[in-house]
Every structure is written in structure tokens, then in C-alpha cells.
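Chains as they are written, first to last, in the numbering used here: chain A, 4 to 228; chain B, 4 to 228; chain C, 23 to 269; chain D, -5 to 61; chain E, 8 to 218; chain F, 8 to 218.
It cannot be assumed that every hint is accurate.
[Unchecked claim] When the alpha-carbon atoms are kept at most 25 Å apart in a straight line, the in silico SDA-like pairs for lysine to any residue are as follows:
hint: 1; chain 1: C; residue 1: Lys108; chain 2: E; residue 2: Arg26
hint: 2; chain 1: F; residue 1: Lys174; chain 2: D; residue 2: Ile32
hint: 3; chain 1: E; residue 1: Lys130; chain 2: F; residue 2: Ser116
hint: 4; chain 1: D; residue 1: Lys37; chain 2: E; residue 2: Ser143
hint: 5; chain 1: E; residue 1: Lys174; chain 2: F; residue 2: Thr54
hint: 6; chain 1: C; residue 1: Lys108; chain 2: E; residue 2: Ser17
hint: 7; chain 1: E; residue 1: Lys128; chain 2: F; residue 2: Glu201
hint: 8; chain 1: C; residue 1: Lys108; chain 2: B; residue 2: Asp83
hint: 9; chain 1: C; residue 1: Lys110; chain 2: D; residue 2: Arg36
hint: 10; chain 1: E; residue 1: Lys159; chain 2: B; residue 2: Met194
hint: 11; chain 1: C; residue 1: Lys139; chain 2: C; residue 2: Met155
hint: 12; chain 1: E; residue 1: Lys174; chain 2: F; residue 2: Gln141
hint: 13; chain 1: C; residue 1: Lys139; chain 2: A; residue 2: Val10
hint: 14; chain 1: E; residue 1: Lys174; chain 2: F; residue 2: Thr183
hint: 15; chain 1: C; residue 1: Lys197; chain 2: B; residue 2: Met194
hint: 16; chain 1: C; residue 1: Lys35; chain 2: D; residue 2: Arg36
hint: 17; chain 1: C; residue 1: Lys175; chain 2: F; residue 2: Gln141
hint: 18; chain 1: D; residue 1: Lys37; chain 2: F; residue 2: Lys128
hint: 19; chain 1: F; residue 1: Lys159; chain 2: A; residue 2: Leu117
hint: 20; chain 1: D; residue 1: Lys37; chain 2: F; residue 2: Val137
hint: 21; chain 1: F; residue 1: Lys161; chain 2: F; residue 2: Val137
hint: 22; chain 1: C; residue 1: Lys175; chain 2: E; residue 2: Lys130
hint: 23; chain 1: F; residue 1: Lys161; chain 2: A; residue 2: Val10
hint: 24; chain 1: D; residue 1: Lys37; chain 2: C; residue 2: Ile252
hint: 25; chain 1: E; residue 1: Lys174; chain 2: F; residue 2: Arg210
hint: 26; chain 1: F; residue 1: Lys128; chain 2: D; residue 2: Arg52
hint: 27; chain 1: C; residue 1: Lys110; chain 2: C; residue 2: Pro34
hint: 28; chain 1: D; residue 1: Lys37; chain 2: C; residue 2: Thr258
hint: 29; chain 1: F; residue 1: Lys161; chain 2: F; residue 2: Thr100
hint: 30; chain 1: C; residue 1: Lys175; chain 2: D; residue 2: Thr30
hint: 31; chain 1: C; residue 1: Lys139; chain 2: A; residue 2: Asp51
hint: 32; chain 1: C; residue 1: Lys175; chain 2: F; residue 2: Pro138
hint: 33; chain 1: E; residue 1: Lys130; chain 2: E; residue 2: Ser143
hint: 34; chain 1: C; residue 1: Lys139; chain 2: A; residue 2: Thr131
hint: 35; chain 1: C; residue 1: Lys175; chain 2: B; residue 2: Leu216
hint: 36; chain 1: C; residue 1: Lys110; chain 2: C; residue 2: Arg254
hint: 37; chain 1: C; residue 1: Lys35; chain 2: C; residue 2: Met155
hint: 38; chain 1: F; residue 1: Lys161; chain 2: A; residue 2: Pro93
hint: 39; chain 1: F; residue 1: Lys128; chain 2: D; residue 2: Gln50
hint: 40; chain 1: C; residue 1: Lys108; chain 2: E; residue 2: Lys159
These are calculated hints, taken from the structure and not from any lab test.
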Amino acid sequence: MSVSQGVMVVLRRDLHLAFRNRGDLINPLIFFMLVATLFPLGVGPDPDTLLVMGGGVIWVSALLANLLAMDSLFRSDFEDGSLEQLMLGPQPLWMIAMAKVISHWLVTGLPLTLLSPVLAIMFGLPVTALPAIVATLLLGTPLLSLIGAIGAGLTVGLRKGGILLSLLTLPLYIPVLIIGTGGIDAAVSEMVWSGHLMWQGVLLVLGVTFAPLAISASLRVSISG
Amino acid sequence: MSVSQGVMVVLRRDLHLAFRNRGDLINPLIFFMLVATLFPLGVGPDPDTLLVMGGGVIWVSALLANLLAMDSLFRSDFEDGSLEQLMLGPQPLWMIAMAKVISHWLVTGLPLTLLSPVLAIMFGLPVTALPAIVATLLLGTPLLSLIGAIGAGLTVGLRKGGILLSLLTLPLYIPVLIIGTGGIDAAVSEMVWSGHLMWQGVLLVLGVTFAPLAISASLRVSISG
Amino acid sequence: MKWTFFHRMSSPKWFYDFSGKCLPWVGVLALGCIATGLTWGLLFTPPDYLQGNSYRIIFLHVPSASLAMTVYVGLAITAGIGYIWKIKLADMAVSCLAPIGASFCALALITGSIWGKPTWGTWWVWDARLTSMLILLFLYLGLVALREAFDSKETASRACAILAMVGLVNIPIIKFSVDWWNTLHQGATIKMTERPSMALEMLVPLLVSIAGFYLFCLFVFLLRLRAEIISREQRTSWVRSLLGAKS
Amino acid sequence: MYFDSIYELLTMGGHGPYVWAAYGIGLSVLVWNLFTPIFQGRKTADAIRRNARREQLRHEQLQREGR
Amino acid sequence: MSQLPFLSVSGLTCERDERILFESLDFTLSVGEILQVSGPNGAGKTTLMRVIAGLSLDFRGQINWCNQPVEDDRPGFQSSLLYMGHQPGVKSTMTPEENLQWAMGLHRSLTREEIWGALEKVKLRGYEDVPCYQLSAGQNRRVALARLFLAKQKLWILDEPFTAIDKLGVAELEQTLVDHASSGGLVMMTTHHEMNVDYSGFRQLVLGEKQ
Amino acid sequence: MSQLPFLSVSGLTCERDERILFESLDFTLSVGEILQVSGPNGAGKTTLMRVIAGLSLDFRGQINWCNQPVEDDRPGFQSSLLYMGHQPGVKSTMTPEENLQWAMGLHRSLTREEIWGALEKVKLRGYEDVPCYQLSAGQNRRVALARLFLAKQKLWILDEPFTAIDKLGVAELEQTLVDHASSGGLVMMTTHHEMNVDYSGFRQLVLGEKQ
Ligand code: HEM
Ligand SMILES: Nc1ncnc2c1ncn2[C@@H]1O[C@H](COP(=O)(O)OP(=O)(O)OP(=O)(O)O)[C@@H](O)[C@H]1O
Ligand SMILES: Nc1ncnc2c1ncn2[C@@H]1O[C@H](COP(=O)(O)OP(=O)(O)OP(=O)(O)O)[C@@H](O)[C@H]1O
Ligand SMILES: [Mg+2]
Ligand SMILES: [Mg+2]
Chain A
4 MSVSQGVMVV LRRDLHLAFR NRGDLINPLI FFMLVATLFP LGVGPDPDTL
54 LVMGGGVIWV SALLANLLAM DSLFRSDFED GSLEQLMLGP QPLWMIAMAK
104 VISHWLVTGL PLTLLSPVLA IMFGLPVTAL PAIVATLLLG TPLLSLIGAI
154 GAGLTVGLRK GGILLSLLTL PLYIPVLIIG TGGIDAAVSE MVWSGHLMWQ
204 GVLLVLGVTF APLAISASLR VSISG
Chain B
4 MSVSQGVMVV LRRDLHLAFR NRGDLINPLI FFMLVATLFP LGVGPDPDTL
54 LVMGGGVIWV SALLANLLAM DSLFRSDFED GSLEQLMLGP QPLWMIAMAK
104 VISHWLVTGL PLTLLSPVLA IMFGLPVTAL PAIVATLLLG TPLLSLIGAI
154 GAGLTVGLRK GGILLSLLTL PLYIPVLIIG TGGIDAAVSE MVWSGHLMWQ
204 GVLLVLGVTF APLAISASLR VSISG
Chain C
23 MKWTFFHRMS SPKWFYDFSG KCLPWVGVLA LGCIATGLTW GLLFTPPDYL
73 QGNSYRIIFL HVPSASLAMT VYVGLAITAG IGYIWKIKLA DMAVSCLAPI
123 GASFCALALI TGSIWGKPTW GTWWVWDARL TSMLILLFLY LGLVALREAF
173 DSKETASRAC AILAMVGLVN IPIIKFSVDW WNTLHQGATI KMTERPSMAL
223 EMLVPLLVSI AGFYLFCLFV FLLRLRAEII SREQRTSWVR SLLGAKS
Chain D
-5 MYFDSIYELL TMGGHGPYVW AAYGIGLSVL VWNLFTPIFQ GRKTADAIRR
45 NARREQLRHE QLQREGR
Chain E
8 MSQLPFLSVS GLTCERDERI LFESLDFTLS VGEILQVSGP NGAGKTTLMR
58 VIAGLSLDFR GQINWCNQPV EDDRPGFQSS LLYMGHQPGV KSTMTPEENL
108 QWAMGLHRSL TREEIWGALE KVKLRGYEDV PCYQLSAGQN RRVALARLFL
158 AKQKLWILDE PFTAIDKLGV AELEQTLVDH ASSGGLVMMT THHEMNVDYS
208 GFRQLVLGEK Q
Chain F
8 MSQLPFLSVS GLTCERDERI LFESLDFTLS VGEILQVSGP NGAGKTTLMR
58 VIAGLSLDFR GQINWCNQPV EDDRPGFQSS LLYMGHQPGV KSTMTPEENL
108 QWAMGLHRSL TREEIWGALE KVKLRGYEDV PCYQLSAGQN RRVALARLFL
158 AKQKLWILDE PFTAIDKLGV AELEQTLVDH ASSGGLVMMT THHEMNVDYS
208 GFRQLVLGEK Q
């Protein structure tokens, strides 16, 4: 049995589980919408302020939704012993980790990106900025998933995952956030935003190269600790 | 042994546990700071915008920090069987629930309130508004804990707590958020904000009256389900 | 005497039989009203002198918005009754009403924002009414998600009942605070039009369509509740004989 | 009918896309509401059949063991 | 209540997922008795225990404690009940001492000596202040079982208390149960071990016969 | 590798928390053998199993698989290892069928008939499509154990596999282990049950003697 086949098994299983309890699929989306709605309620309905805040709020909400769904990435597998089984399987651990990250992204990052135009419109962002929003999120959310998975791997063995995970990963998310919102701002003020996209691409390539190793190392530490 | 003594046992244990893994104490605080700092990063450093956003962002961050810590309120007790023990103990369940809510507030809401002036100053809010910020948070965060605990009780038996919990409770948090930020805004524009405070008080009284019953009912459903 | 009626009504079997008798009538009436109201509104009424043809959305928008709110109140009251008097049927009704209400709430939001584009020039404003509708949608979604998350239907409906009751206390508070929120800050740029003194030729189809939507809601609610009853009571002898007779 | 031609009915003086989109979505919501309970009923029937099969299998296994 | 306490169950029926686990179950448990509920996996032992303890409300029938329905006086029933389920309620970040202190603290105040004595009895002396996540599976179970030595409750409901306990430990535990019963207690338990007790009040209730 | 596979351990020392659990442990496990690691609670049985499986790296000493240190060829070692710990790795939202499909799917593709056959062997026919959270403790364990009937791996490391299994099930499982060993497998296991096997290759390793 080939290695990639084993990876496909993991990927299929995770997607299957997500579709099984459909909540997994929709809840991050609703959370995303909800957090974004909190801001107008907190800050006030003035359209000008909302326009300035829009891009930032969308990105911060995406980031938090991603983070919240991250906590359960390895936890349930750790608690019921599946993670040990995965680690002792014939596939290299980093491949399995990648499969899990991909399924996480397909379940949270991607739907969230697809929903973002709706939020953008609700914040009154110009239609011309929509491609920038979708593009930056499309390149940015996989990176968030990769970085978050490192933190999730490190904290999975700990009794208080959730909030410690955010501490570890939020600082690492900041560059992604800055570049992403920078791109949106550029698009809103009708400047070129391909530069930001390029930087995101570079970061993504870096992430895809190094994160799997870091994730598998952190999982190893958590299991053997 | 009197009933109140049993409640004290629970309260003491929870605080003890929180101080034991000191992370519980600091993590919500750091999360609060981190989320609040994400905004200037996402939105840009313009002082005027930040001033307008300040109160709202502080409240939204407090709310999210509260929510994130909420998920673990009953979860670990549920998973290791302690919740069953508490339910079968001689104290009424609603008292135990109250003890847990109080300890949750002491560990998250209170420190967060005490830290809020620092954030307010970072957002450039006027010093005259600081009392309003502290006062609204002081009355508002216990209410958040009470409402959140209902959701936590309902979701504790479920495999995917975290994000479902936010979905259930965030809409219910909205009035607290609106009144809280309303008070801060009034203070920033140097109007009277005692009316807001009064409303918060009314809500808090309502919450203290009804929430314990709802919490214990929801815990009962989760355990017997 | 009143109580015996109450009890009889709360027996799933009685309700199943009774609703079986009403069902066709409600269905025919609902589809008839909706078809009449919508085609009338879409094809036969003159355009509004201010908004042109876009106002035809009203025949969808107002019925669904009004239903969304009514259904939540009904749902929460049912939950309260079910919880206090421990009526199983009421718990079932709560979990059946949630998805229906959610769908109409979403429809009100969607039609509203589609209507907003040609009339206000924007899809969305953070107006009090719109925002509270959005929050209502979240409340509905919370109920639906909670119901989906539980494995056992009994537990799910009990949990939903608790959440719905909490929501009942909160609905007026949310409504009040959102209204207040928007008037405290600078007023919204655009206010939703108050009910215009509507021409009769528009009002009648609107009323027909509203009636149709309410009947339709009742119809699908009965359908759902009956399916739920069957699935919950499948062990009882009356369901067995019912299914046996069918297949 | 108020409209003179099909074309006018479709465009509605520029508001056509909005109105038709709204009605389309409205119709699909109605249809969704109509069909989910029906599917749910079918699923329940399936589950009941499955349960019967399970009971039967369990019975068979017990009989086999009994012998 | 001068009368000796006893538990009586009548007409207890429970169905799970369209399958009847037990039907019209009747039994009485009086002072001095140990009742072992046995049966194959999935027979419904755990379900029965949870129903009697009041953790599960999904049943029909009547459960009486001292001739009074338990619903009528839950607090009274609960104050004489010690329940231990599959999950023993041991907090892994606390030490055995703290765990005991807290678990029994709901019922009464304890001195340190009492706690240490109980830990001694389950062979955990020397581990009083080691956090429980550093203990082995069996040691964790023992922390929970130490409660038995501190309990003043009459009725013990124990669901597979011997899980993960070594042979010597099982023998000692059986003795503890006999001691409790013979000094006026009631024990209801499940286990897949062969019980090795020579005690007149020991009875068995077999579930899932029909299967 | 024409040679028969075997596991040899030499000079294995493990200390936890300043306490030596085992020191200079030497043993060999060859084809056809069943090794029961026994000892009181906290003796270090689980620790030993995890060390050998490669889950814990906190040890000194040498572990060889076919005369080759396991570090040199982890993938090779892992592909002939079936490990089952205290937590059996059963996803509670999936059905038994899906659980097996996935757990073995990492190693090889399975047909539906194979899976159903394995579930039949652990008495779970009729439960193939019930989500596992609806199963009892013992039935959940059985889902995990069904893997044994599908495994092509040689070396089985099982940590208390009999937990929560009823008496009949334990007897059948013992037979399964004997069958595996006698058809060229290696078994290393712990349990607090009295093993009731009459098999020439059955051996015991007692830990925690000094205690
Ligand atoms: C997303 C946007 C919108 C939402 C959420 C919304 C929501 C509502 C709600 C909750 C009602 C009350 C129904 C009742 O009381 O029975 C309503 C009624 C109404 N809406 Fe909207 N609406 C939206 C957009 C619009 C737009 C763009 C227009 C037209 C300019 C409009 C026109 C009306 C009218 C004429 C009524 C009936 C008058 C009344 O009952 O007060 N709405 N809408
Ligand atoms: N994470 C840990 N940190 C420190 N010490 C530990 C840790 N885990 C286990 N120990 C210690 O190692 C010893 C052996 O534990 P282990 O789990 O191997 O015992 P065991 O023989 O499997 O016992 P049981 O029969 O109860 O399962 C125990 O005394 C325990 O205190
Ligand atoms: N939450 C649930 N929903 C539906 N059915 C359940 C649920 N929990 C248990 N069951 C069913 O009830 C039956 C009895 O379960 P229970 O846990 O009482 O068995 P048990 O006798 O304790 O078995 P074991 O010896 O394995 O612990 C099982 O067949 C199981 O399928
Ligand atoms: Mg059991
Ligand atoms: Mg062990």
C-alpha cells in the first residue's frame, strides 16, 4: 500500500467526520459572521468608521474562527488514542499531519473565504475590493492553518489547551494579518495589491515547506511526554 | 455540614485548580491583550479611528476572552466524572453551578476588568473615561459569565463544544455588549453614563435570579442524556 | 374538563390522528393562498410610483419577516409550556419549529437586502431593525446547531427547550438594546419606510400572501412534527400497527 | 396582467434581476421546507427497517450459539 | 426513620435505541447485602446503575428508598449514596490528597490523618503529593477507591470498581465490600471478575438472560 | 530477511520521577511466544510497552527487532507492529465498521466482508452501523479488538486488552492470542486477569519484584 494512499485515508476520514457532524462545517462560518457582527454593535453603525475597519475586522474574525476550530484538530484524536495509532502507522507522521491540516483548511478556511464577500458588503466595502479580500484570505488561511497546527500539536497533551494555544499562535499569526489587511487596504484605496499577494505566496511556500516538520515534531513531543 | 460549606468547598477547589496551573489565571488576560492588539494591527494606527473603536474593541475582546475560558468551565469535570459526583452530592446543583460561575469570574472577568485601563490608554481613550470602562466591565463581566455558563452546560456533553458554545452564547451577549459600550461612549463624549450602569445592574439582577436555574437544568440534561 | 382536553392534545397519538385529518386542508389552502398572492403581486399589481417594480419583493419580504418573529415567540412559549408541564409533544414541536423559523428569517434577510440594493443603493445598513433580524437568525441557527449536535433526540429537544426559554427572556432585551444602540449613536443614514398608506390593490395581495405564508408554515410544521412523532414513537404499538398497515 | 410583454415582465424596468432573484430564492426556501420533512420521514422508515434487520441478526447469532 | 434502610426496585424497564435492555425488573437490596449485577457486554448493567443513582431519567418503573419513592426526597437519598461510575472523578492535576479532600469534602469535613489513613489503605502512601497524571491507570483508580474508606454513606453503587486494579488489590477490595455490608451497609456493583467472596449476603442479578 | 523475526531487549532502564521502574531489563521474544508482563499497579508495565512501541523515548538501553536497533528502521518496525494502549483509539462518532475501515486502512485496503467477519467474531454483528458512543464500555473495547482479526502485523503489543470484556469474551480472546502466536506471531501483553492458557510458548515477565 502506497504512502499517499494512507494519507488519503486520513484525509477522507477527517472530511467524513466533519460532514458527519455537520456542525463542524457550519459552525466556524457562523462564528466568523457573529464575531464580525459584534464590531458594528460595539463600535457603532457609522458607515465611514465601518468602511475603515472592514478589512481588519474580517481578517481578525477569520483568524479567530480559524483559531477556535484549531483546538480540536488533534485533541479528539489524542484523547481517544487514535493519534498514537496514526503515529505508529506506516506513513510518516508529517504526511498525516499535512492531511489533517488540509482537511482543517477545507472545512474552515475555504468556506470562510467564500463567505467573506458577504461580510465585506455588509461593511460597505467597495465591490472593487472584493477580489483582494478573497485572494488574500485564500492565500492567508492555509498559512493560518499550518501555523496553528504547530501550536495545536504542542498543546494537545495539555489539560488546558484552548487558551494556551491562542497565546502560542496569535503572535505568529500577526505577519499574516498585517500583510492580508495591507492588501485589502491597498485595494480599497485603489492601489496595486499584487505585492501583498506575492508576499503571502512566499510565506505560504515557506509554511508548506517547514510547518509539516514542526507539526510532526510537536506531536511527537506531546505523545511521548 | 451546611449547604454553604459545600459550596465553599467547590469554590475553593476551583480557585485552587486555577492557581495550580497558573496558566488559567494569566491566559485569559493575555488573550484579551492579544485580541485587542490585533485590531490596531488590522485596522491601522490612525489615532482618531482607534479612539472611536477603543471602547468597542475592549469590550469585544473581553467578551471573547470570557467565552474562550468558558468552554472549560464544566468540561474537565464532565470528562473525568467529577460532575456526576457534584450532581449526586448533597448540595443543590444550582448552588454548585453558582460556585463555579463565581470562580470563573474571579479568574477571568475580574483580572480582565482590572487590566482594561491599560488597554484604554493604549487606544488613546481619555482618562475621564477610565472609570466608566472599569465600572461597565465590572458589572458586565459577571453577567457574561452567567449567560455563558448556560451555554457551557448545554454543550458540555458534546464532542465539539468550543465553537458551538460561542454560537449559542454570543447572540445572548449582545445586550451586555451594547449597554457596556454605550456607557463608555457616553463617558468619552462626556455625557452621563449612570443610566447605562443602572441598566447593567438590572440585567445583572435578572441574571443572578434566573441563570442558576437554567445552568443547573442544562447540566442535568447534559449528564442524563 | 379543560385539562382533559389539554392532556388529550398532548398525546402524540391523538395529535397524529388529528393532524392527519387537518393536513390536506391546510396544505391546499396554503398553496392556494401563496400561489394567488404571489402571482397577483408579481404580475397583476401596478408598480409603486416611488420604487417602481422592485417593490414586488414586498409580497415575499413582509410575510417572511413577520413569520420569522412570530415563530420564535411561538417556539419559546411552547418550550416553556413543555418544560413546566413536562409535555413531550411540546419539546418535539420546539425542535421542529427551529429550522422552519430559521429558513424564513434567512429569507427575510435575503429578500430585504435584495430590495435594499435598488431602493437604498446598498445591500446592508446597520439599522436597528435589520441588525435585530440578523441576531434573530443567529438565535435560530444556535437552536438548529444544538439540535443537530445531540445524538439522542430526547436530549436534544430538552436542551433546545432550555435554550429557547433563555432566548425568550432575552428577545425583548435584545430588541430593546438594539433599538437603543442605534438611536444613541448617530441615526442610521437610511430609515426603513414606515408602513405606507398602501393602495388597496397592493394591500389585498399582500394580505393574501401573508395568510398563505402562515398557513404554509403551519403545514410544514405539521409535516415535520408528524415525522418526528413517528421516529420517536416507533416502538409503540400504535406506530407499529400504523407502519405495518402501510407497508 | 400588468405587463405588456414577456420582455417587460423579465426586465421590470431594470429591477428584473432583483425581483426575480428574490422570488427564485423565496421559492427555493418554500420547496426546501416542503421536502425536508418528507426526506426525514423516509430516513426514519429506513432506520426502522435497519433496526428490524439488526434484531434479526442478533437473533440468528443467538440461535447459532445456542446450538 | 428508625427502620433499616433498604432499596427496592419494581417494574423497572429501560429501552435504549429501540431495544429493551431490561423489563419489569424487581429486586430489593437490604442492609447487609452485596448485589453483583452481571451479564455480558452491552447487557445494560451500567444503564441500570445510572438509573438507580438518578443520573439517567430515561426509564419507567419505581425506585424506592426506605419505602419512599426517590423522587420525593432526592437530597435525602443522595446523602446516603456513594456512586462510582466508569469515570472515577479523579482530577489529574490534583494530588491524591487534594482529590480525596475535595471529593469527600462535599459530604463532611475531613482531617488530614483520615485522608492519609485512607491512602495508606489503598497503597498510595508516598504518592500523596504527586499529581495524579503522573500515576498509573491502576493508581488513579485507587485514588477514587480510597473514598470507600472515608465514606459514611450507606448505599454504595460501584460500576466495575476493579478495573485496572491488580490481583492483591482486588482481594482487599472484596474484603472492604464485605466489611461494609456486614457493618450495616448496602452494596450494588458490577464486575466481570469472578467474585471470590464467602459471605452470606452476597447475591447476583444476571441481566440479559434472554439473549 | 529470511530469518524469523524476533524482538530482543537488553539493558533497558527506565526511571520516572526519580524512581527506577526497571533496570537492565533483558529479554527476547521470538516467534510463537506470548509474553505476559505482570506486576502490581504502578510497576511500570505500561511504561515498558510504550517504550518498546516507540511511543516513549525516555529510557536507556537497546531494543532490537531482528537483530537491528529499532531506531535504524522505524518504518519497517512499525509496519510489523500492532499496538493497543489503555485508550483503544475508537472514534465515538463513527460506527464500528467505519472505525475498523479506517484503523486498518492505514495498513492495507479491506473489503466489507472482511470487516463484517471481524465484527462477527467480536459479537458485534448487528451493531455495524450504530455510532460507537451508543455502545457500552465493553462493546467499545471489542471494536478495537476486532482489529486483531484483520491484522497482518507480526508483533502485537497489547496493554490490558481484557479491560471491560466479559468472561466469555476473555476466553475467546485468549484463544485468539494463542492462535496468532502458534501461527508465527509474537504477543506481548499485560493484564491483571489470571491467564488461562495452556500453551507452550506462554511466558511471564514480572516487574516490580523489588517492591
Ligand atoms: C436585510 C434587510 C431587511 C430586513 C432584515 C428587514 C426586516 C423587516 C422586518 C423585521 C419587518 C417587520 C415585519 C412585521 O412587522 O411583520 C419588515 C417589514 C417591512 N420591510 Fe423590511 N427589512 C429589510 C429591508 C427592507 C427594504 C430594503 C425595504 C424597502 C425599502 C423594506 C420594506 C419593508 C416594508 C414596507 C415592511 C412592512 C412595513 C412594516 O410592517 O413596518 N425592508 N422588514
Ligand atoms: N507522566 C509520568 N510522569 C512521571 N511518572 C509517571 C508518569 N506516568 C507514570 N509514572 C510513574 O511510573 C510508574 C509506572 O506507571 P505505569 O503506568 O507504567 O504502571 P503500570 O504498571 O502500567 O500500572 P497499572 O497496572 O496501574 O496500569 C507509576 O508509579 C507512575 O507513578
Ligand atoms: N447513549 C446511548 N444511546 C443509545 N444506546 C445506548 C447508549 N448507551 C448505551 N446504549 C446501549 O445500551 C446497551 C447497554 O449499555 P450498558 O453500558 O448499560 O452496558 P453494560 O452492561 O454496562 O456493558 P459493559 O459490560 O460493556 O460495560 C448497549 O447495548 C448499548 O448499545
Ligand atoms: Mg458498563
Ligand atoms: Mg498500565
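Evaluation of the provided hints:
1. C:Lys108 <-> E:Arg26: holds (24 Å)
2. F:Lys174 <-> D:Ile32: Not satisfied, since the Cα-Cα distance of roughly 46 Å exceeds 25 Å.
3. E:Lys130 <-> F:Ser116: violated (48 Å)
4. D:Lys37 <-> E:Ser143: violated (46 Å)
5. E:Lys174 <-> F:Thr54: Within the cut-off at roughly 19 Å; holds.
6. C:Lys108 <-> E:Ser17: holds (23 Å)
7. E:Lys128 <-> F:Glu201: holds (24 Å)
8. C:Lys108 <-> B:Asp83: violated (31 Å)
9. C:Lys110 <-> D:Arg36: holds (22 Å)
10. E:Lys159 <-> B:Met194: Violated, at roughly 61 Å.
11. C:Lys139 <-> C:Met155: Satisfied, since the Cα-Cα distance of roughly 18 Å is no more than 25 Å.
12. E:Lys174 <-> F:Gln141: At roughly 31 Å apart (the allowed maximum being 25 Å), Gln141 (chain F) and Lys174 (chain E) break the hint.
13. C:Lys139 <-> A:Val10: violated (47 Å)
14. E:Lys174 <-> F:Thr183: With a Cα-Cα distance of about 23 Å, the restraint between Lys174 (chain E) and Thr183 (chain F) holds, given a limit of 25 Å.
15. C:Lys197 <-> B:Met194: holds (24 Å)
16. C:Lys35 <-> D:Arg36: OK: Lys35 (chain C) and Arg36 (chain D) at ~19 Å, within 25 Å.
17. C:Lys175 <-> F:Gln141: holds (13 Å)
18. D:Lys37 <-> F:Lys128: violated (30 Å)
19. F:Lys159 <-> A:Leu117: violated (44 Å)
20. D:Lys37 <-> F:Val137: Distance ~15 Å between Lys37 (chain D) and Val137 (chain F) Cα, so the pair holds.
21. F:Lys161 <-> F:Val137: violated (31 Å)
22. C:Lys175 <-> E:Lys130: Given pair Lys175 (chain C), Lys130 (chain E) is violated - Cα atoms ~45 Å apart, limit 25 Å.
23. F:Lys161 <-> A:Val10: holds (23 Å)
24. D:Lys37 <-> C:Ile252: Status holds; Cα separation ~11 Å.
25. E:Lys174 <-> F:Arg210: holds (18 Å)
26. F:Lys128 <-> D:Arg52: holds (13 Å)
27. C:Lys110 <-> C:Pro34: holds (8 Å)
28. D:Lys37 <-> C:Thr258: holds (18 Å)
29. F:Lys161 <-> F:Thr100: Measuring from Cα to Cα gives roughly 30 Å; hence the hint is violated.
30. C:Lys175 <-> D:Thr30: holds (17 Å)
31. C:Lys139 <-> A:Asp51: holds (18 Å)
32. C:Lys175 <-> F:Pro138: Holds. Lys175 (chain C) to Pro138 (chain F) sits at ~14 Å (cutoff 25 Å).
33. E:Lys130 <-> E:Ser143: Holds: Lys130 (chain E) and Ser143 (chain E) sit about 13 Å apart, inside 25 Å.
34. C:Lys139 <-> A:Thr131: With a Cα-Cα distance of about 17 Å, the restraint between Lys139 (chain C) and Thr131 (chain A) holds, given a limit of 25 Å.
35. C:Lys175 <-> B:Leu216: holds (23 Å)
36. C:Lys110 <-> C:Arg254: Answer holds: Lys110 (chain C) to Arg254 (chain C) is near 10 Å, not above 25 Å.
37. C:Lys35 <-> C:Met155: Outside the cut-off at roughly 36 Å; violated.
38. F:Lys161 <-> A:Pro93: holds (14 Å)
39. F:Lys128 <-> D:Gln50: holds (17 Å)
40. C:Lys108 <-> E:Lys159: violated (35 Å)
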